[in-house]
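Engineer: What follows is each chain in one-letter form.
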Amino acid sequence: MAATSSAATRNAKASSITVWLQVDAQSGWPDLVAAANQKFASDHPGTTVNVQYQNWGDHLQKFDATLAGGGGPDVIEMGNTEMTKYMAAGAFAALDKSSFDNSATWLKGLAASGTFAGKTYGVPYYAGSRVDTYRTDLFKQAGITKLPTTTAQYTADSKKLLAKNPKKGFSPLYIAGTDWYVAMGFVFDYGGGIATRVSGKWKGLLSSKQSIAGLTAYKAFFLANSRASKTTDETHPNPYDVYAQGQAASMIGPSWFTCCVGKKYTASTAQFVMPGHIKGQPLPGFLGGSDLAVPVTSSNKALASDWIKDFTSTAGEKGLQAKGNIPNATNLLGSSVNERAAARSWFVPTAKHWVDVENGNILRNMLAQILTGKLTIQQAASSASDNIASVLNQP
Amino acid sequence: MAAAAETTFDRSRRRRRFWNTTLQASTPYGLIVPVLAVIGVILGYPLYWLIRLSTERYGLFELIQHKGASVGFDNYRSVLHDRIFWHTLLRTVVFTIANVSLTIVLGMLIALLLVRVSTVVRVLLTSGLVLVWSMPVVVAVQIFYWMTNFQNGIVNYVLTRLHVGDFFQHDWYATTFSQLSLVTVLIVWGALPFVVITLYAGLAQVPHDLVEAAEVDGARPWRVFRDITLPILRPILLILTSLSIIWDFGVFTQPFLLIGQSKITPGNFLMSVYLFEEGYFKTDYGRGAAISVLMLLMVAVLSVAYVRKMVRIGDEP
Numbered sequence: 001m002a003a004t005s006s007a008a009t010r011n012a013k014a015s016s017i018t019v020w021l022q023v024d025a026q027s028g029w030p031d032l033v034a035a036a037n038q039k040f041a042s043d044h045p046g047t048t049v050n051v052q053y054q055n056w057g058d059h060l061q062k063f064d065a066t067l068a069g070g071g072g073p074d075v076i077e078m079g080n081t082e083m084t085k086y087m088a089a090g091a092f093a094a095l096d097k098s099s100f101d102n103s104a105t106w107l108k109g110l111a112a113s114g115t116f117a118g119k120t121y122g123v124p125y126y127a128g129s130r131v132d133t134y135r136t137d138l139f140k141q142a143g144i145t146k147l148p149t150t151t152a153q154y155t156a157d158s159k160k161l162l163a164k165n166p167k168k169g170f171s172p173l174y175i176a177g178t179d180w181y182v183a184m185g186f187v188f189d190y191g192g193g194i195a196t197r198v199s200g201k202w203k204g205l206l207s208s209k210q211s212i213a214g215l216t217a218y219k220a221f222f223l224a225n226s227r228a229s230k231t232t233d234e235t236h237p238n239p240y241d242v243y244a245q246g247q248a249a250s251m252i253g254p255s256w257f258t259c260c261v262g263k264k265y266t267a268s269t270a271q272f273v274m275p276g277h278i279k280g281q282p283l284p285g286f287l288g289g290s291d292l293a294v295p296v297t298s299s300n301k302a303l304a305s306d307w308i309k310d311f312t313s314t315a316g317e318k319g320l321q322a323k324g325n326i327p328n329a330t331n332l333l334g335s336s337v338n339e340r341a342a343a344r345s346w347f348v349p350t351a352k353h354w355v356d357v358e359n360g361n362i363l364r365n366m367l368a369q370i371l372t373g374k375l376t377i378q379q380a381a382s383s384a385s386d387n388i389a390s391v392l393n394q395p
Numbered sequence: 001m002a003a004a005a006e007t008t009f010d011r012s013r014r015r016r017r018f019w020n021t022t023l024q025a026s027t028p029y030g031l032i033v034p035v036l037a038v039i040g041v042i043l044g045y046p047l048y049w050l051i052r053l054s055t056e057r058y059g060l061f062e063l064i065q066h067k068g069a070s071v072g073f074d075n076y077r078s079v080l081h082d083r084i085f086w087h088t089l090l091r092t093v094v095f096t097i098a099n100v101s102l103t104i105v106l107g108m109l110i111a112l113l114l115v116r117v118s119t120v121v122r123v124l125l126t127s128g129l130v131l132v133w134s135m136p137v138v139v140a141v142q143i144f145y146w147m148t149n150f151q152n153g154i155v156n157y158v159l160t161r162l163h164v165g166d167f168f169q170h171d172w173y174a175t176t177f178s179q180l181s182l183v184t185v186l187i188v189w190g191a192l193p194f195v196v197i198t199l200y201a202g203l204a205q206v207p208h209d210l211v212e213a214a215e216v217d218g219a220r221p222w223r224v225f226r227d228i229t230l231p232i233l234r235p236i237l238l239i240l241t242s243l244s245i246i247w248d249f250g251v252f253t254q255p256f257l258l259i260g261q262s263k264i265t266p267g268n269f270l271m272s273v274y275l276f277e278e279g280y281f282k283t284d285y286g287r288g289a290a291i292s293v294l295m296l297l298m299v300a301v302l303s304v305a306y307v308r309k310m311v312r313i314g315d316e317p
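As given, the protein sequences belong to chains A and B, one line each in that order.
Under the working numbering, think of the first position of the first sequence as 1, with each following residue one higher.
Under the working numbering, think of the first position of the second sequence as 1, with each following residue one higher.
Isolated chain B, as found in the complex (with noise of 0.2 Å):
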C-alpha cells in the first residue's frame, strides 16, 4: 500500500513537472503567435500572390478578367533571357557599391567630425542632419531638379560665377553617368543622418583611456583609429553597411523621379525602375513579378549577413 501510494504520487508530482516543464517551454512560442499571425497576414499573403503571380500571363486582358493563366516557369525563362535584366543588375550592382562607400565612408568622417567640435557646432550639425532626415523623398528630388535645372538652375549659376568653368545651360541629364551621379548625391545626402548619429552614438563606447594610453604610447591618429575604434565599430559597421546595401540595391524613387519619365531608357534602367517599366508600363504583371521575385531573392542572399550579426548580438550575454 504505502509503495503504491508512492508510486502514485510520485507519478502525479512527475506528471506535474512535465506539465510545468511543457508550458514553460512552450509559453515563448505561444507569445510569438500574434506576431507570427500578423506577418503571415502582411507579408505571407502577398507573398504568396506575388509567386502565384510571377507563374502566370497576367495582362490588361487578364487584369479586366481577374484571371490569369498559367504558364509555369516562362516569365522567369523569359527574363533570364532578357540581355537587358542583366545589364540592369550589373549597372545596379556597381551603383550600389558607390553609393554605400560613398554613405559609410562620408558618415564616419562626419561623425568623427562630431565628437571632435564644439557642442555649438554638435547641436547646429546634428539639427542639420535630423533636417535632412524629415525631409520627404519626393519633395528632396523637385528640390534637386530645381536646382540642376538646365535652365536657370541655381548649381549652373553658382559654378558659374565660382568660376569653376562655364557652366551656362550645362545640362546634368544629358548622359547616364552624370544622370546617376546626381541620383547618387541625393541618394547619399538623403542616407547620411542615420549613418552619422549612429556611428557617433557607436563613438561614445569608445573607451577614453584605451585611446589615452596608445596615444601615450606614440600611436598616431590613424593608428588609433585602425586599432582601436575600428574594432570597436565593426558590429554597428557591418549593420549599417549591410542595411544601405538592401536599401540602395532597389531604390526606386529617387532614379525614377529624378531622372524624369520621359528620360527613362533602358540604358539607365536600376533594377526597380527596370521592374516598374516592364510590369506596369507594359502591363506585363506576371513578369513584372517575376522580376520582383528575383530581386527579393537577391535581397534575401544579400541580407544574409546582417541577419547573422544580428542573432550573434543577441546571443551575447
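Excised from the complex, chain A in its bound form (with noise of 0.2 Å):
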C-alpha cells in the first residue's frame, strides 16, 4: 500500500482515473486491487488509478450528486440489483464487451444485470451465494456428526447446540431478523417469489400460498434458531462480529464472511452449503454479484475500460476465486462450496424500480412485523406484496 501512495504523490500531475470499489474489496482482497493497478501502470505510465471505496448505504446518492456536479468516478462498482434503473436513465457509456477476458462465457446472471436494449453497459466482477459458516469444535461438542441435510434437521440439531452451550443470548444458527436474503430464500424454498411479469405489469408473490408457507417456515426457524433481534438488518451488527464474540455456533453469509470470524475461531471454522426443507436440496440463496461500469460523465473512459480489463481478467477472476468468491465466467468455475450452494438460487425481480423497493426497506419492514407478531404473516405479506406491485408498476 505504500509503494502504491508514493506513486500517486510523485505522478500528482498525470492524468489519473478515479476507481469506486464497495469496501468489500478493501476488507477481502485489496491485492488484487493493487495488483491491477500495477498492471495498469506498466501499461500506462503516467497515469495513477485512485481508488476510493464506498459503502453499500451511500454509494449511489454519492454517484448521483456527481452526475450532477461533477467530479465523479471513471469506474464504479455497482451492485446488480442497481443495475437497471441507471442504465435505462442513461448513466452509464456502453462498452466493447469482447474487449474483456471471457466474456463470451460471463455468467449469465451477472451478463444480463449489465445488459440494457441489446447494449452492455456492466462488466461482471464477480457474484457470490450464501454459505452457512459455522464452529466445528462447537458441533463435535454436541455431539453433532453429520452435517444438517433439512431445515428440520437444523433445528433438531439446534436444541444439541442450545443444550451445551446455555449462555443467554447465543445462537445456534445466526440470522438477523430482517435479513431478506436469507428470508427470501425459504420463500423460494417453498416455490414463492417475489414478484412476476404478467403482460406487462408486475404482480407481486408474497401472497401466494407458496410464499406464505415459505414466511411461515422462515418465522418458526428464525424463533428455533437465532437470538438475533428481530428487527435488526445484517449488518447492525455484522454477523462475523457476534461469532466472533462467541455469541454464535453458526451465521449465514457470503462465503468470505471467515475473514472476520476472529483469530481464536480460525482453525475451528469450516464452511457448508445451508439446506433446505426438502433433503438433498441446498437452500435458494441469493445471487448477489457486482458490475462494473463506466459513468457518462467520465472523461477516461478507454481508460476506465482498461482498467476493468485488467480488474476482471482471468487472473484476477481467480483470485477473487481464491477468496472464495464465484468467478465471472463459466469455464473459470469450480466445486468450491460456494459454487456449490450457487447451484440452487434466486434473483429479484429485473425491474427499473427494484432499487426503489430496496431502499424502501418494505420487505425487511415485512419481516419486522412478522417476526415480532406486530401484524399476522398473511397480513404482512398481502400489504408487502401490493406495495411491491405499486412501486415496480410506476412509470
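Simulated from the structure, these hints should not be mistaken for laboratory data.
Glycine residues also receive a C-beta, built at the ideal position from the N, C-alpha and C atoms.
There's no promise every hint is true.
Stated by the list, open to error - Under the rule of at most 30 Å between Cα atoms (straight-line distance), these lysine-lysine pairs were calculated in the DSS-like manner:
hint : chain 1 : residue 1 : chain 2 : residue 2
1    : A       : Lys352    : B       : Lys309
2    : A       : Lys352    : A       : Lys159
3    : B       : Lys67     : A       : Lys119
4    : B       : Lys282    : A       : Lys374
5    : A       : Lys301    : B       : Lys67
Stated by the list, open to error - Calculated Cβ distances over 12 Å to all of chain B for the following chain A residues:
hint : residue
6    : Gln22
7    : Lys230
8    : Pro295
9    : Gly319
Fit chain to chain and form the complex, with the hints in mind.
Structural biologist: Put into C-alpha cells, the structure is as follows:
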C-alpha cells in the first residue's frame, strides 16, 4: 500500500482515473486491487489509479451527486440489483463486450444485469452465494457428527447446541431478523416468489400460498435458531462480529465471512451448503454480484475500460475465486462450497424500480412485522406484496 | 434684487436641506445593501432554484441531461394527495410538541436548580452542559446507538442489574413509539444546554427585592414563580419555544441516523426524513423540492410569532 501511495504522489500531475469500489474489496482482496493497478500502471505509464472505497448504504446518493455536479468516478462498482435503473436513465457508457476476458462465457445472470437494450454497460466483476459458516468444535461438542441436510434437522441440532451452550443470547445459527436475503431463500424454497411480470405489469407474489408457507417456515426457523434482534438488519451488528464474540455456533452469509471470525476461531471454522426443507436440496441462495461500469460523465472512458479489463482478467478472477467468491465466467467455475451453493439460487425481479423496493425497506419491514407478531403473516405479506407491485409498476 | 437674492439663497439652502435629509434617510438603506446582496446570493438564489425545481419533473434521467421538464403544479398535487404526507405531518406535529415541551420544562427546572445550588455544583453542572453542547450530533447518535444496542448495550445491562425488569436483549428499536422516544431523548438531551443557559441568564434579571417582598407577604414558591419569575421570563421563553419548534420540526440527523436506514419506513417518517426518502432515495428531485417548499411554508408560519416578538423587542426604547 505504501508503494502505491508514494507513486500516486509522484505522478500527481500526470493524468489519473478514479475508481469507486465497494468496501468488500478493501477488507477482502486489497491485494487484487493493487495487482490490477500495477498491471494498469505498467501498460499506461504516467497514469495513476485513485481507488476510493464506498459503502453500500450511500454510494448511489454520492454517485447521483457527481452525475449532477461532476467530479465523479471513471469506474464504478454497482450491485447487480442496482444496474437497471441507471442503465435505463443513460448513466453509463456502452462498452465493447468482446474486449474483456471470458466475455463469451460470463455468468448469465450477471451478464444480464449489465445489459440493457442489447448493449453492454456493466462488466461482471464477481458473484457470491450465501453459505453456512460454522464452528466445528461446537458442533462436535454437541455430538453432531453429520452436518444437517434439512432445515428440520438443523433445528433438531440446534437444540443439542443450545443444551451445550446455555449462555443467554447464544444463537445456534445467527440470522438477523430482517435479513431478507435469507428469508426470501425460504420463500423460494417453498416455491414462492417476490414478483412476476404478467402481460407487461408486475404482480406481487408474496401473498401466494407458497410464499406464505415459506414465510411461515422462516419465522419458525428464526425463532428456533437465532437470538438476533427481530428488527435489525444483517450489518447491525455484522453476523461475523457476533460469531467472533463466541455468541453463535453458525451464521449464514457470503463465503468471505471467514475473513472476520476472529483469530480464536479461525482454526475451528468451516463452511457448508445451507440445506433447504427437502433433503438433498440446498436452500435457494440470493445470487448477489457486482458489475463494473463507466459513467457517461467520465472523461477517461478508454482508460477506465482498460482498468476494468485488468481487474477482471482471468488472473484477477482466479484471485477472486481463491478468496471464496464466484468468478464471472462459467469456464472458471470450480467446486467450492460457494459454487455448489450457487447451484440453487434466486434473484430479485429485474425491474427499473426494484432498487426503490430495496431502499424503501418493504421486505425488511414485512419481516419485522412477521417476527414481532405485530401483524399476521398473511396481513404483512399481502400489504408488502401490494406495495411492491405498485412501486415496480411506476412509469 | 434683494428679494431675488434672498430667494436664490433660500432655494439653495432648501435644496441642500433636501439632499441632506434624503441622504440621511437613505444612509441606513445604503448600509444594509451589502447584507441584502449577500442574503440574496446565499439564500435567494438557491430558493429560486428550489421553487423552479418543484415545478419540474426531475429524476435520474433529467439529472444526467442537466435539464428538467416543466410540469406545473403536478408535484404539489401528488404530494398533497399522498396519504403518507398527511400521516407524516401529523406524526411530526405530535413529535414536535413532545420534544419542545420536554425541552422547555426540563430546561426551566434545571435553570431554577442552577440558581439554588452552591457555586461548585453550578460550575460542574454548567461545564457538563457545555460539554453536551460541544458534542457533534453524529458522534452523539453513535454513542446512543451503542448504549441502546440489542446485543450488549449498557442501558439494558444497567436496567437489568438495577432490577427494573428483565431487559436482557430488550429491543429498543422494535416499535415506532420506542424508536421515536429514543430520538426524543437524544434531541432533548442535545437541546437542553442552550435552553438552560439562556434561562439561567434570564433568571438573573429577576429583581431580588421583588421576590423578597412577595415572600414577606406570605407567597409560596409556586406563587412567586407564577406571578413574578414567569412574567419576567416570558419574552425569553417565547423566543426559546419558537426556535425549538422550528428546529424540532425539521430535525433530520438524529432520527435518520439513530433509527438507521434499514429501519426507516413510511411508518416512522418524520417530515425531513420523508423529504429525503422521496427526493434522494427515489431520485425524484422535483417531488422532493415540492415537499421542501411546503415544509418551508409551514416553518414560515410557525416563525411568525418569533419574528413578531423580535421586532417588538427591537422597538422597545
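Engineer: Does each hint hold? Answer for all of them.
Structural biologist: A quick look at each hint next to the structure:
no.: 1; hint: A:Lys352 - B:Lys309; verdict: violated (51 Å)
no.: 2; hint: A:Lys352 - A:Lys159; verdict: violated (44 Å)
no.: 3; hint: B:Lys67 - A:Lys119; verdict: holds (25 Å)
no.: 4; hint: B:Lys282 - A:Lys374; verdict: holds (27 Å)
no.: 5; hint: A:Lys301 - B:Lys67; verdict: holds (23 Å)
no.: 6; hint: Gln22; verdict: holds (16 Å)
no.: 7; hint: Lys230; verdict: violated (7 Å)
no.: 8; hint: Pro295; verdict: violated (9 Å)
no.: 9; hint: Gly319; verdict: holds (31 Å)
Checked against the numbered hints above, the structure breaks hints 1, 2, 7, 8 and satisfies the rest.
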